[in-house]
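Chemist: Each chain, letter by letter, is given below.
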Amino acid sequence: MLDRAYQWIDDRLGIDPIIRDVVDHPVPEHVNPAIHPRSIVYCFGGLTFFIFTLLITTGIFLTMYYVPTPDHAYDSVRYITDELTLGSIVRGIHHWSASGIVIMVVLHMLRVYAQGAYKAPREMNWMVGVGLLMVVMGFGFTGYLLPWDQKAYWATTVGTKMASQVPVVGHYLLLILRGGEDLGAVTLARFYSFHIWFLPGAAVTLLGLHFLMVRRQGISGPL
Amino acid sequence: MHSSLNPQSPPPDPTLVSRRRFLGFGIGAIGALIASALGIPLVGYAISPALKKKKEDWAEAGSVAGFQPLQPKKIEYSAFRKDGWIEETVKKSAWVILRDGGDVTVYDPRCTHLGCAYRWDESRKSFLCPCHDGVFDINGKVVSGPPPRPLDRLQAKIESGKLFIMEG
Amino acid sequence: MKKDSYKMGKTEPFFPDFLFKEAIAALLFFIVLLLIVVFSHVPLESLADPTDATYIPRPEWYFMFLFQMLKYFPGELEPVAVFVLPTIGIIVLLLLPFLDRRRERRPSRRPVASAAAFFGLAGMLYLTTMAIATTPPPAPASTAKLSAAATAGKKQFQDLGCGACHQPGGGSAPDLSKIVAERDEEFIRKYLKNPKASNPNSIMPSFDSLTDEQMNHLLEYLQTLKQQ
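Protein chains in written order, with our numbering: chain A, 1 to 223; chain B, 1001 to 1168; chain C, 2001 to 2228.
The set of hints was computed from the structure by calculation and includes no laboratory data. Fair warning: there could be bad hints in the mix.
Claimed, not checked - Restraint-style ranges between C-beta atoms, simulated for each label pair:
1. C:T2134 x A:Y172: 29 to 35 Å
2. C:L2028 x B:F1025: 14 to 20 Å
3. C:Y2072 x A:R216: 40 to 46 Å
4. B:D1103 x C:H2041: 23 to 29 Å
5. A:Y172 x C:R2101: 18 to 24 Å
6. C:A2148 x B:G1062: 25 to 31 Å
We put the CB at the ideal spot given by N, CA and C, even for glycine.
Construct the complete structure from the given sequences, taking the supplied hints into account.
Modeler: Right under this line is the structure:
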């Protein structure tokens, strides 16, 4: 049944070669944990992607109730957490996954670093990976403000204040980050916009490049 | 799928085929497990406002001390309203009629035709709606005009001289 | 296309063999995540209060090392901690493949790279630990609902700038949560009116100008600082 449906689609779109490339490409022995137990270190990249899908899914659902204005942000988060059925679970998954993805990104980078897998010919993919690290940090920084509680407000006050230490353009940087002299409605709105549009857009683009390069170059060889 | 398209390739090893099927099934099962563990909270969370029972509350609408029996009077009162995370008191109005024997009738102040505010005409002893000339008698029944049904009644009670109107 | 060649050994197809193992790893991670979610409450503190200068900000744990670095670069050196070092760090990370161009990949034969990673990580770990150890938890008063009098007192507290010196955990003046636990209200009232009378060495200004009502509100608020 499924085979016939696949056949029917393939007759029309000719997707089989693309699917075959993704599905059937051979994975070398040295990354197979069934043969070499220590090759478990190769799972962190995949787990990072898995957590990314969790964050995107729960994040989309959180926008259903969350309102990014100083009047409503805190109350809408409290409503999600305390009043909606299973709302604390949805927000909890988003909250803890954010820490989880940082841990997995670091472990993934450590593996690549320790194995020297960033060396030729994979320089570009390493640089894309560093870009993804920056994006993850950006997600963490902007997301921290959104609940608009004391922790959010004061941590972001300090965090944006740090930008003003940059020589020459520091103060302008602070104004751009906050959208004004003080942390307020404009700050919250732009952090939200970055958190749900700019950064996910950047993340998906860079992830696409990251995966494309892995498929083109194959995984780095055994040590 | 792939090998069947190519008549030259030897028939695949049956144990390999069943192994591939088993692993494919395993991936599907794990995927389904995670998807449902994630999906149940997500769906519950998304639909829960629809399943919440509307909380019914008596709003205190002031004293009825000065009210004459069978003399409709428009009152204003404030009711507590909860709209998601927004909690506020809203100004509301209603028509109140004391009946003989201490009963009370309260009408929603909007005409049942198109929601205009109507008024009490003492000389005609009826409620008149200025928008399309709807007329109701003191019991809320339609006397003439386009309104499709009698005036909407709000549940109300009087306790120790104070009027309470049911919200929701 | 430049590709490095190596022995593939006993290969397996990505789907389903390899993906199955990745799926098991994902499932294990997900179970742990769900347990954490169910058994810990997702945090939400009280509403942001821009007037509450007594609040001690804490960033997310993975920014703690940056936060801690500020303490070692006071005053004019601050840009070093918040701008120079992080920028250098990011540039080095980004250009790593061009800085380290030797073909050798085994960590044991890359002493410089291995040592750099080790000290870098150890430094970040040390800074994070120090940050967590030295940042006191938020005052319990900020999460509890205050009475009307205590709220008025809190406003007094902020307007008078008490929190500038009396920081939780102790700044240039004692931690008030300890004072209210140890001293009775009359002592504190007298002290507020004339600090030098109780302690000749005190540098605290006198708050004799407060009305009785203001003083009562302030004392009411101070009581809420008591640790549960």
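Chemist: Is the gap between the beta carbons of L2028 of chain C and F1025 of chain B within 14 to 20 Å?
Modeler: Taking Cβ atoms as reference, L2028 of chain C and F1025 of chain B lie about 19 Å apart, which means the hint holds.
Chemist: Mind checking the hinted window 18 to 24 Å against the Cβ distance between Y172 of chain A and R2101 of chain C?
Modeler: Check failed, 38 Å falls outside 18 to 24 Å.
Chemist: Can you let me know if the beta-carbon spacing of Y2072 of chain C and R216 of chain A is within 40 to 46 Å?
Modeler: holds (44 Å)
Chemist: Taking the Cβ atom of T2134 of chain C and the Cβ atom of Y172 of chain A, is their distance within the range 29 to 35 Å?
Modeler: Once the Cβ atoms are compared, 32 Å apart, the range 29 to 35 Å for Y172 of chain A and T2134 of chain C holds.
Chemist: With respect to the beta-carbon atoms only, verify the hint that D1103 of chain B and H2041 of chain C lie 23 to 29 Å apart.
Modeler: violated (50 Å)
Chemist: Taking the beta carbons of A2148 of chain C and G1062 of chain B, is their distance inside 25 to 31 Å?
Modeler: For A2148 of chain C and G1062 of chain B the Cβ distance comes to about 26 Å; the hint holds.
Checked against the numbered hints given earlier, the structure breaks hints 4 and 5 and satisfies all the rest.
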